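K.L.:
With chain S held as given, fit chain F onto it using these hints.
Protein chains in written order, with my numbering: chain S, 1 to 346; chain F, 1 to 450.
Keep in mind the hints are simulated off the structure, nothing from the lab.
For clarity, every value in this text was computed on a predicted model and none was experimentally measured.
Please note that a few of the clues may not be correct.
[Claimed, not checked] Each computed DSS-like pair below joins lysine-lysine, with the alpha-carbon atoms no more than 25 Å apart:
(1) F/K82 <-> F/K35
(2) F/K93 <-> S/K300
(3) F/K93 <-> S/K118
(4) F/K93 <-> F/K124
(5) S/K290 <-> S/K300
(6) F/K82 <-> S/K257
(7) S/K89 <-> S/K290
(8) S/K141 <-> S/K151
(9) S/K118 <-> S/K89
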Amino acid sequence: MTSLKLTLSAVAVLAGSTGVALARDNVQISGSSTVLPYATIVAEAFGENFEFPTPVVEGGGSGAGRKKMCEGVGENTIDIANSSSRISKSDIELCTANGVTDIMEVRFGYDGIVFASKVDGPEFAFTPAHWYNALAAQVMKDGALVANPNKAWNEVDAALPAQDILAFIPGTKHGTREVFDTKVIVAGCEETGAFEAFKAAAGGDEDAAEEQCMTLRTDGVSVDIDGDYTETLARLDANPTSVGVFGLSFYQNNTDKLRVATMSGVVPSVDSIASGDYPVSRPLFFYVKKQHIGVIPGLKEYIEFFVSDDMAGPDGPLAAYGLVSDPELAATQAAVAAEEVMAPLE
Amino acid sequence: MSDVMAGTPEGARGGSLLEGSARTKRRRAREWRMKAYGIGAIVLSLSTLFFMLATILMDGVSAFRQATITFPLTVDAAIVDKTGNRNVEEMAKVTTIGYKRLLSQGFVAHLAAAGIDTAGVPEKDLGDMLSDDGPARLRDMVLADPSLVGQVVEVSVYATGRIDGYLKGRVTRETAERDTNVTPEQLDLADNLVAAGLLTMPFNWGFLTGPDASDLRPEASGLGVAIIGSLYMMVLVAIFTVPVGVATSIYLEEFAPKNRFTDLIEVNISNLAAVPSIVFGILGLAIFINFMGLPQSSSLVGALVISLMTLPTIIIATRSAIRAVPPSIREAALGIGASKMQLVFHHVLPLAMPGIMTGTILGLASALGETAPLLLIGMVAFVTNYPAGPFEGGVMDPATALPVQVYSWASRSDPAFIERSSGAIIVLLVFLVIMNVAAILLRRRFERRW
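Only chain S is shown next, with the shape it has when bound in the complex (with noise of 0.2 Å):
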């Protein structure tokens, strides 16, 4: 039975040896599934040309990667939370509560939201309007609200393919769906007039209009996708009438499957974003546990890395792989060289 005293005192050793915690010496983030490819060049870069290790970069989604960040200060939790939208009231409560006093709020750069179809399809020109009338519970029809009567995209504009609309927009939990309902469905709202009705009716209460606004129709038109783009592209394949919601980067490392759609005339690229010709776009952000600089070996440097024009920069590798490089990178290089706290939200 010696095997079994081996691994007996085996198992008694491993749990001798727990009790003590070891020094972290890489660092860990988490967060958003749209800023995970980008955080992971960045980490690989960074793990080959210095010499900290790589850092560990997990995906999980902004919101999730936030509440990590905010759960307190100490060797156990995670250093950086990737977001593809700006940290909250709440999130920032409960780091305070947590202990987790100083954050840091890095905006790296721009991320576009395009639509796409198959690519043996129709072409598509969309404006937020069209957008609005295709998927809204209620429209605007001879000056008056009405249950969305639209089947097709030719009954909402003549000039748009006779193909039924179908949509795979991105879930609520995805930082994408807030784009999607504030650069494209509330702007359609305004455009169609349908913001002012919903104003009115409510007694000139904007918020309540918004989300009367927001209240897409429920008849199986316009589908949820809670996964990830490769999910929607899946649905596309499936369904090769329908309409999908994509980030840029994946838009551009699947040309051969998707046909990207033009919004208001202008077609999605890094250029037509950077400019703000394309309508659809939003701010990609790290946020930082200060407490955790200068314990957590290499994590200045590692955001430091993140910002520089190397990275982040317009011919950088982040921007070859779809990421719009912010005109005010050099401000936020300031920023992070500084270790400027970000101040409280409004």
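P.N.:
Same frame as chain S, now just chain F:
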């Protein structure tokens, strides 16, 4: 009705045994239908299995070959060692960007020297046909051996995922037209390189040994870290679960009194085996990481969580193995004066060993494919540093696992990762088959029947 039967008074009920009445026919038809359902079920499951394996093999086999460009390169001292004193610390200041330049220049120079037609491909696009992984490996090579500076070395660099995809039939000239990452002219050049023998498709060892890579270089991604992580976890799970599982089973089978309390324990063990694995992940996060302060993403925490999950399976398997030892052996041992302890360790346990081993291996095999609990303890992550050796605290280092790698590659945007994901499934299936075959062999070889 045959002649012989005609005279019997009960001819209406009986009839010929060979012919059969309506009732027998119905019974036979029922039996026939039952058989047909059975065969149908088997055909259905086999065809599903075949379909699944065929798709995985079709998608994944190509991951085991990788387009590689081989050419001689002069390690230019002007780029990698500006001061010329071969001081490694100073040379380390040259980043991979510098090495990328070195590599592209060397490639362009060699194409010109070899007289390969590069018509229509600008110089920048030539360098872009080489994987970004090349500069990093070259840099490591030069820093490890500074005497290479100034020498001509034969370098093998992966071609980018698009060129690789072209040679595997995934990328065509038509798709290249629309793709910003590759041009049709580059594909023409790839054909020329293949003709000149510079571009080859060797077996992709890097896929089995290399670490994961970012979305910009799918060609360099490998399963190395995941395989080590899975290996550490399996070994640790075996170390944690076998002693505890066997001790529990021996106590429950041989020593414990049969009362309500032990009945309750028994029911609970069976229930634990049915708890969804994600629940163990939540438990692991709360206890091992938040309370005990063990490092996140480490294979130790992964192993602890999976041990909790595997333990009930092993206890159930071990108990049935112990129960299968015939009472005559026990009675004989006790009859010649053996103590309970001697009975268990000299007779019951050795005889039950094959059954215990089989149960353990099958338990480990199911644990090998587990992803859900690892999601919560941070093992579904991008990890490119190999964990340290097992005796240098490697189990505390961040690692991933095989099924995790399948999952994270499947959700990446570059289509080259789909092939890698299927390739990883093949590797995982090979490991599972090896474990299951080992279990069958052990049982065949050592099991005793009475």
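K.L.:
Now tell me, hint by hint, if it's right for this structure.
P.N.:
Each hint, compared with the structure:
1. Annotation: proposed proximity of F/K82 to F/K35 is violated, straight-line Cα distance about 81 Å (limit 25 Å).
2. Taking the CA atoms of F/K93 and S/K300, the gap is about 18 Å. The hint holds against a cut of 25 Å.
3. Proximity of F/K93 to S/K118 is assessed by CA-CA distance (about 47 Å); at most 25 Å being required, the pair is judged violated.
4. Between F/K93 and F/K124 the alpha-carbon distance is near 24 Å, which keeps this suggested pair within the 25 Å criterion.
5. With a CA separation close to 9 Å, the supplied pair S/K290 and S/K300 stays within the 25 Å bound.
6. For the given pair, F/K82 sits about 47 Å from S/K257 by alpha-carbon distance, which is inconsistent with the 25 Å threshold.
7. For a cut-off of 25 Å, the pair hint linking S/K89 to S/K290 stands: about 18 Å separates their Cα positions.
8. Pair hint S/K141 plus S/K151 holds up; C-alpha atoms about 14 Å apart against a cutoff of 25 Å.
9. Restraint check: the Cα-Cα separation between S/K118 and S/K89 comes to about 40 Å, which exceeds 25 Å; the hinted pair is violated.
Going through the hint list in order, the structure does not satisfy hints 1, 3, 6, 9.
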